[in-house]
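Colleague: Top to bottom, those sequences are chains Z and A. For the first sequence, position 222 matches number 222 in UniProt numbering, and the numbering has no gaps at all. For the second sequence, position 149 matches number 149 in UniProt numbering, and the numbering has no gaps at all.
It is worth saying that the hints were derived from the structure and are not from the lab. Mixed in with the good hints, there may be bad ones.
[Claimed, not checked] Now the stretches of chain A that chain Z is said to cover, found in silico as 3 or more residues with beta-carbon under 8 Å:
#: 1; region: 18-25
#: 2; region: 160-166
#: 3; region: 356-370
[Claimed, not checked] Computed from the model, here is a short list of chain Z residues facing chain A with C-beta under 8 Å:
#: 4; residue: E47
#: 5; residue: V254
#: 6; residue: L312
[What the hints assert, rightly or not] What follows is a list of derived Cβ distance ranges for each label pair:
#: 7; chain 1: Z; residue 1: G36; chain 2: A; residue 2: A272; range: 32 to 40 Å
#: 8; chain 1: Z; residue 1: T24; chain 2: A; residue 2: W19; range: 40 to 48 Å
#: 9; chain 1: Z; residue 1: S154; chain 2: A; residue 2: G83; range: 50 to 58 Å
#: 10; chain 1: A; residue 1: E18; chain 2: Z; residue 2: V158; range: 51 to 59 Å
#: 11; chain 1: A; residue 1: A272; chain 2: Z; residue 2: E301; range: 48 to 56 Å
#: 12; chain 1: Z; residue 1: A164; chain 2: A; residue 2: L336; range: 56 to 64 Å
#: 13; chain 1: Z; residue 1: G36; chain 2: A; residue 2: A327; range: 26 to 34 Å
Cβ atoms here follow ideal geometry from the backbone N, Cα and C, with glycine treated the same way.
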Amino acid sequence: MRFRVAEVDAALAEAAGGVLAKLTEPADAVWRGLAGAGVLGALVPGEAGLDENCLPPLMETLGHAGVAVPAAETIAVGAPLLAELPVLGGVLDGSVLLTVSLDTEAPVPFAADADLFVVGAGDRLRLFRREELGITPLASVDASRKLARLSVPSRGGVVVGEGASVVETAWLRGVLATAGLLVGLGGRMVELTVAYVRQREQFGVPVGSFQAVKHALADVVVELRFARASVLAAGWAQAAGEADTGVRTSAAKVLASEAARSTARAAIQCHGAMGYTTEYELHRYAKRAWALAADWGGPAEHRALVARALGLP
Amino acid sequence: MDLTWSPEEEAFRRAAREWLAAHVPSPPLPSGDTRAGFAAHLAWERELFAARWSVVSWPEEYGGRGASLWEWLIFEEEYHRAGAPARVTQNGVFLLAPTLFRFGTAEQRARLLPRIAAAEDLWAQGWSEPEAGSDLAALRSRAVRADGGWRLTGHKTWTTRGAFCTHLFGLFRTGPQDARHRALTYFLVPLDAPGVTVRGFQRLDGDEGFAEVFLDDVFVPDADVLGEVGQGWTVAMATTGSERGLTLRSPGRFLHTAERLLELAREVGSGAHRDRVAQAWIDAQAYQWFTLEQVTAIAGGHEVGAEASLAKLFWSELDVRLHETAAELLGPEAELAGPWSKGFLFSLAGPIYAGTNEIQRNIVAERLLGLPRR
Ligand SMILES: Cc1cc2nc3c(=O)[nH]c(=O)nc-3n(C[C@H](O)[C@H](O)[C@H](O)COP(=O)(O)OP(=O)(O)OC[C@H]3O[C@@H](n4cnc5c(N)ncnc54)[C@H](O)[C@@H]3O)c2cc1C
């Protein structure tokens, strides 16, 4: 028994962190930087040789940086499905942008810019090139997510996965990665807020010395730390192929979504009007948190999945 | 990450499970916070000791099994799963004993630990006073130097099961009042000593589980000072980590309550309660994962410190939510006396004792986040 991130998994997250410390903008340069560090192929068979244990720390690091890159879509879900295909090289070096949609009814992140699309329908995952699909860009709260609605032909594409368990694995990895991103976003919002309330003074003292502010932040730190532990446990369950992997993953997503939403709310509140502006960076993390909290199944959906697995009436 | 148990740990689990299955009293004992219930609980705890399950993580010389932290967690999980009685010796076992291991003299350890393990000496915690709750450093009970020891005078209150216990560990002032926490000393006091008066009173749930303890010039020899004179605060704070964090609040307790809640929901629930029940279960799982993370850190030599406050906030609020959810499921029946209503009333104490949750939030904000004090 050892509840601690293994060295190989920590090393991958550190490599990503190193790139992110140097490059913060623009998103495509960051993405190529991550590609250069070997981060994109983390789960591709025959590449880094890692399993789902690497996703929580890696995604936490990427979420913390808040860059608009298809991390869950490409690293956790899409790239590992392309192992046998010639397009894999372009995806892994960052020159070809890949996104994923397992729910073609919903707006698809990064679809407005992507070159390749893994689309799920029923028990089948198919790969399409941009020109094979209908793509309608959508305006959204987090503009950097480049949402679009897809219209997918009933035929065509290249089958990259087949069978209920393959689709389930893809889905669970996407959920896990998103939960990890949310924990990282939450952590960043807490850091920004702590820094702000320590220096912002009212009534002659830092507002961070007021108990109402302290308690609001303490509560979200509790939520985030417990969500984080659950995300790590879900990553291990996936890698180990535990029987209750689905429930653990859903539980982690519920906790991470709720924690990130609470944190966004508290962070904005503790910043006062400064939190209600796009002049300052907090809004980017908050908007990403709202988007990801609902992406890959929101809390209500995952709570219902847990309830079903537990046999609740 | 490696969340698998070793074959040795699995064997330990089986042994604990088998023993508990054969010995846990059925029907359940009456509340240990009543005089009759306390006696029944003591009989149980002595049985536990005789089979060397009362203090599994202690060295064998004191009656333990030298079990690892992991094995201790396993034991706790099995203990709660088996529906075994709450430990009425918990103050001695989980609060005083860790302090003795760390600060006690060899003589004190040899004299006191085996009697704690065997449920012979029954310890009450004497920290709070009528004017010193959250502001514990304001306490007024005094100790003055006497020949070969100290004379104690003062008034302690909210002492859990104080009326049934044999001994009290507590903080007393050995210097000026305005020196606050810098002039306190930790004393061990037999409750049958001349000058001690104990008065039991009722808790919210009606059990006589509280007591006030009046001390009037009570003599305590030097051998019963725990730690250095004037260092009582440091000694006591080492204990609060245990109280808030791990030792009292094993995840087994909440996992077991969550399982009982699932059973209740399957029996009487409707779709209306589904979300709350699922969430309560999710939170109990989260508590388990967080605990495993902390235990790994402790096993690796990390001092938990202020992080114990994160755990305290989470388990105490979780316990209230689990019981509120059960009350929702039970509807009008929730009012009836029974394990759920009893558990609900007790859950309300969690955010108060071991340092209120407001105090814990201050600790998280100031010590973990570095926000300024006021
Ligand atoms: C079931 C139970 C068992 C107990 N067992 C024992 C025992 O065995 N031995 C023992 O010594 N004590 C025991 N206690 C007492 C317990 O330690 C105290 O209740 C606790 O420390 C709080 O003190 P208080 O009750 O005086 O509350 P107060 O300190 O009077 O607080 C009242 C309210 O004010 C809030 N408050 C106080 N100060 C602050 C602050 N600085 N910032 C924000 N809010 C604040 C508190 O959070 C609380 O909500 C027990 C209590 C309970 C409920």
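Colleague: Would you mind marking each hint as holding or not holding in the structure?
Modeller: Hint-by-hint comparison with the structure:
By the rule of at least three residues with a Cβ nearer than 8 Å to a Cβ of chain Z, the coverage given for the region 18-25 of chain A is violated, with 0 such residues. Evaluation of the coverage hint for the region 160-166 of chain A: breached, as 0 residues show C-beta separations to chain Z shorter than 8 Å, against a requirement of three. For a cut-off of 8 Å, the count of residues in the region 356-370 of chain A with a CB near a CB of chain Z stands at 10, and the three-residue condition holds. Annotation: interface hint on E47/Z violated; nearest CB of chain A at approximately 20 Å, more than 8 Å.
For the restraint placing V254/Z at the interface with chain A, the shortest Cβ-Cβ distance is roughly 6 Å, inside the 8 Å limit, so the hint holds. Hint status for L312/Z relative to chain A: holds, with the closest Cβ pair at about 5 Å, below 8 Å. Checked against the hint of 32 to 40 Å, the pair G36/Z and A272/A fails, with Cβ atoms roughly 53 Å apart. For T24/Z paired with W19/A, a C-beta distance near 59 Å fails the hint of 40 to 48 Å.
For S154/Z and G83/A, the Cβ-Cβ distance of about 56 Å falls inside the hinted range of 50 to 58 Å, so the restraint holds. At roughly 56 Å, the beta-carbon separation of E18/A and V158/Z lies within the given 51 to 59 Å, and the hint holds. Range check, A272/A to E301/Z: about 18 Å between beta-carbon atoms, so the 48 to 56 Å window is missed. Between A164/Z and L336/A the beta carbon distance is about 46 Å. The supplied range of 56 to 64 Å is therefore violated.
Checked against the hint of 26 to 34 Å, the C-beta distance between G36/Z and A327/A comes to roughly 57 Å, which is inconsistent with it.
Checked against the numbered hints given earlier, this structure breaks hints 1, 2, 4, 7, 8, 11, 12 and 13; the rest are met.
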